[in-house]
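Undergrad: Chains as they are written, first to last, in our numbering: chain G, 610 to 1010; chain U, 120 to 378; chain X, 34 to 249.
Among the clues, some could well be false.
[Said to hold, decoys possible] Below, simulated DMTMM-like cross-link-like pairs (lysine to aspartate or glutamate); rule was C-alpha separation at most 20 Å, straight line:
1) U:Lys-206 <-> X:Asp-139
2) U:Lys-259 <-> G:Glu-716
3) G:Lys-685 <-> U:Glu-255
4) G:Lys-685 <-> U:Asp-301
These aren't lab readings, by the way, just hints derived from the structure by calculation. Just so we're clear, the structure is a prediction, and the values are computed from it rather than from any experiment.
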Amino acid sequence: MINFDDVSKIFGDGDHRTAAVEDLTIEIPTGKITVFVGPSGCGKTTSLRMINRMIEPTSGTVLIDGVDTRSIDAPKLRRGIGYVIQNAGLFPHRTVLDNVATVPVLEGQSRKAARAVAAELLERVGLPGEMGRRYPAQLSGGQQQRVGVARALAADPPVMLMDEPFSAVDPVVRAQLQDEFTRLQADLGKTIVFVTHDIDEAVKLGDAIAVFAVGGRLAQYATPAEVLSHPADDFVADYVGRDRGYRALSFTVAGNLPVHDEPTLRLRSTGDSSLIPPDAAPGEPYWVLVVDDARQPRGWVDARRDTGGRPLDLDDLVLGGSLVGPQSSLRTALDAALSSPSGRGVAIDADGRVTGTVEARDVLDAIERARVAQGVLDGAEPPAASARTGDADQAAAAVLS
Amino acid sequence: MNGAFTWLTTGANWSGPDGVLARLAEHLWYTFLALAIALVIALPIGAAIGHTGRLTGLVSGLANALRALPTLGLLILLALWGLGTFKGSIALVGPAIAVLVILAIPPILSNTYAGIAAVDPAARDAAKGMGMTGREVLTKVELPVALPLIMSGIRSAFLQVVATATIAAVVSLGGFGRYVIDGNSTQNYPMMVAGSLLVAVLAIVGDRILALIGHFVISPGLTGRKVRARATTSDMVVAIEMEGGSAVLEPANRAGGDR
Amino acid sequence: MNWNWLNRNTDQILSWLLAHLWLAALPTLLGLLLALPLGALAFRYRWSYATLITLAGLLYTIPSLALFVVLPGILGTRILNPLNVVVALTLYTLALLVRVVADALDSVPPLVRQSATAMGYRPIRSLITVQLPLAVPVIGAGLRVAAVSNVSLVSVAALLGVPQLGQLFLVGFQLDFYTPIIAGIVLCLLVAGVFDTIILVAVRIATPWTRAVSHR
Chain G
610 MINFDDVSKI FGDGDHRTAA VEDLTIEIPT GKITVFVGPS GCGKTTSLRM INRMIEPTSG
670 TVLIDGVDTR SIDAPKLRRG IGYVIQNAGL FPHRTVLDNV ATVPVLEGQS RKAARAVAAE
730 LLERVGLPGE MGRRYPAQLS GGQQQRVGVA RALAADPPVM LMDEPFSAVD PVVRAQLQDE
790 FTRLQADLGK TIVFVTHDID EAVKLGDAIA VFAVGGRLAQ YATPAEVLSH PADDFVADYV
850 GRDRGYRALS FTVAGNLPVH DEPTLRLRST GDSSLIPPDA APGEPYWVLV VDDARQPRGW
910 VDARRDTGGR PLDLDDLVLG GSLVGPQSSL RTALDAALSS PSGRGVAIDA DGRVTGTVEA
970 RDVLDAIERA RVAQGVLDGA EPPAASARTG DADQAAAAVL S
Chain U
120 MNGAFTWLTT GANWSGPDGV LARLAEHLWY TFLALAIALV IALPIGAAIG HTGRLTGLVS
180 GLANALRALP TLGLLILLAL WGLGTFKGSI ALVGPAIAVL VILAIPPILS NTYAGIAAVD
240 PAARDAAKGM GMTGREVLTK VELPVALPLI MSGIRSAFLQ VVATATIAAV VSLGGFGRYV
300 IDGNSTQNYP MMVAGSLLVA VLAIVGDRIL ALIGHFVISP GLTGRKVRAR ATTSDMVVAI
360 EMEGGSAVLE PANRAGGDR
Chain X
34 MNWNWLNRNT DQILSWLLAH LWLAALPTLL GLLLALPLGA LAFRYRWSYA TLITLAGLLY
94 TIPSLALFVV LPGILGTRIL NPLNVVVALT LYTLALLVRV VADALDSVPP LVRQSATAMG
154 YRPIRSLITV QLPLAVPVIG AGLRVAAVSN VSLVSVAALL GVPQLGQLFL VGFQLDFYTP
214 IIAGIVLCLL VAGVFDTIIL VAVRIATPWT RAVSHR
């Protein structure tokens, strides 16, 4: 684990002193992703760079597994820490493979062995093997970023520092990189400190979030769920932004939401207006779920629409929204209901087959029950503003099931 | 013109202490010597300045001021001083070589500094963050990436030296310039033209060879375009790489002047 | 430093100075005027860029003295005719500036060029009124190099008998006398400095927007 012990970084002196980081004390758990998040000038990057001594603290101590970082020769320290930065910083004069192999070679490994490791890592980060022979200038931004991650992993360091690694790419690529990164970490279990200014990214990736305020003050250090549901002060609440109530729903598994039966029509069957029950409100569309032969949902069709007796095909369908899977959160369930033309969110099993539908009111009921359960727990134990491990949320989820 | 070709094809003109081959050897030797000394001086200084980012204004100002010095004047000035101070052939050759070195330094210095300064800061940061020492960052990352511009500077220096060595014949230095100077005093125009053609060919061929060396030494991952482009937009030194040589430009017109 | 000698020869020195001034300034301007359209061509028609630049590079590779000697044969002039110097230096300036102009135009942000086209500017008008002004700083930097180099190169022609400040060096060498040499160097530096300043000021005047930004 990494410890900051009353660490400060002050720039300038006399009357012009600015504190980039002020009296930071924080414990970063081993094997987890800790995200430093905050606006520009909050000291998150400075703090990160004090871990590998790219910046030296003005006061205080940084310890890695109990060892003062100052007691180790700086370059040696850095070789044991993976470092990924925005824009990757690849060496343009070396091939991708040689870029990844940099630290092992620095450590004295033979170039051949290092390249073998590098090739493996390239695959791991999702790049085709032949890319190893190319030069960075020939790669796209997203590809360069992956190489940057592979390069940081090459010496298999226990700690990885990542400074806005996904900020320089477009949102679609960013989402892909984030997902793959999460998967990678599931395999590797490294101690990762991740800096970003994007609260959504922090919430999505972090096991714990440290919110920094301008001036280098640590405003809150807790799990993402905790930060969203119980921001420590106005600054955090403001920074987390609107919709935090809604976004907090993504941390609760939908679990045992009631799933209603839903009559379905098969694609390519002819429209069957007998599906419309006699008491259905006239004048408005009556939506029927359409599935394919594998019972996977393809969209909704208005049963009242006159298709002229020809078989249903995709052009007749109105596409639905999100799908509620077995691991989906309450947020996904609510969105599924809201984004469906019929107001009923489609629920699927692990194989993608339709199991029925969920309704918005069921989700709201579940939210209300969780809130009540939380209140009971809160009554028993006053919430602390700092590090909560989120077991309260687990208890609430347990209540639901 | 015809006279020149006649002169060039006369076998006698190629051998002997005054022959083409002898003069070629002299010219090459001066060039090589001057370039070597200039490299030893200018490369480390340029690298240090580019790496630490200090003294840039002073150095580029100096480099540009040197370009304004009239080479002929400098040669003669130092030659006179040499004659007054030393005895023997060193009296003239020494100062001449000194001038060659002085004029070869600015292009190498400026281009080295510009090349290193234009290295992607992210690459530098990543290198340091990965655990490279300052020296390793310089030798493994900055120098290789700056190589296109450095080679460009060397080619420019080469041309500068070849040209100045030609002129130095006036202070009794050997080399192809002798044909021009001696030819002028004896009104032997064909010899003058022959000498000029020889110098021109030497310059062009030498430049091509250096370009070829550069091609092998520079990583294929560097087109040089990106480094050049960054150097062009940075408001410090604008370095431009030419096929036939290179011109290092002054501090581009920084808004507000050198405040 | 023998001031008497300088006093006695003031007329000669002045006439040489004058000759030097126009021998250096004229080719610089001519070279610029020729380089502007050629550079613009090289920039606009990418296929011509390589050829033009290679030719320019080749030209620039030829040492000055060699060019001074060879040109009379081609031009049909006598070897000490100042015209050789003007032509030679114009060619050098041209060779240097073609690339500078092309690259300077290249450094203008493509978005600016595209907005001009989208607003309805025709290519030539866009080039002259939009792109060239923005390229002025870079061209100016190149022009300063050319001007200063030319001042030094002119003096080389003294070896062929062309009257200008370079003659002072030869006089000094013959008479084993430092004064004219130092005088010559100082005057050359002065001329170079003046040219450099003139161009710098001209660029400043031509780019009022850069000054506005600096006074934030």
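Undergrad: Hint by hint, say whether it matches the structure.
TA: Going down the list of hints, with the structure as the test:
1. In summary, the hint linking Lys-206 of chain U to Asp-139 of chain X is not supported, as the alpha carbons are separated by about 55 Å, beyond the 20 Å threshold.
2. In summary, the hint linking Lys-259 of chain U to Glu-716 of chain G is supported, as the alpha carbons are separated by about 14 Å, within the 20 Å threshold.
3. Using a Cα cut-off of 20 Å, the hinted pair Lys-685 of chain G and Glu-255 of chain U holds, with the two alpha carbons roughly 13 Å apart.
4. A hinted pair counts as satisfied when its Cα atoms are at most 20 Å apart, and Lys-685 of chain G with Asp-301 of chain U does not qualify at roughly 64 Å.
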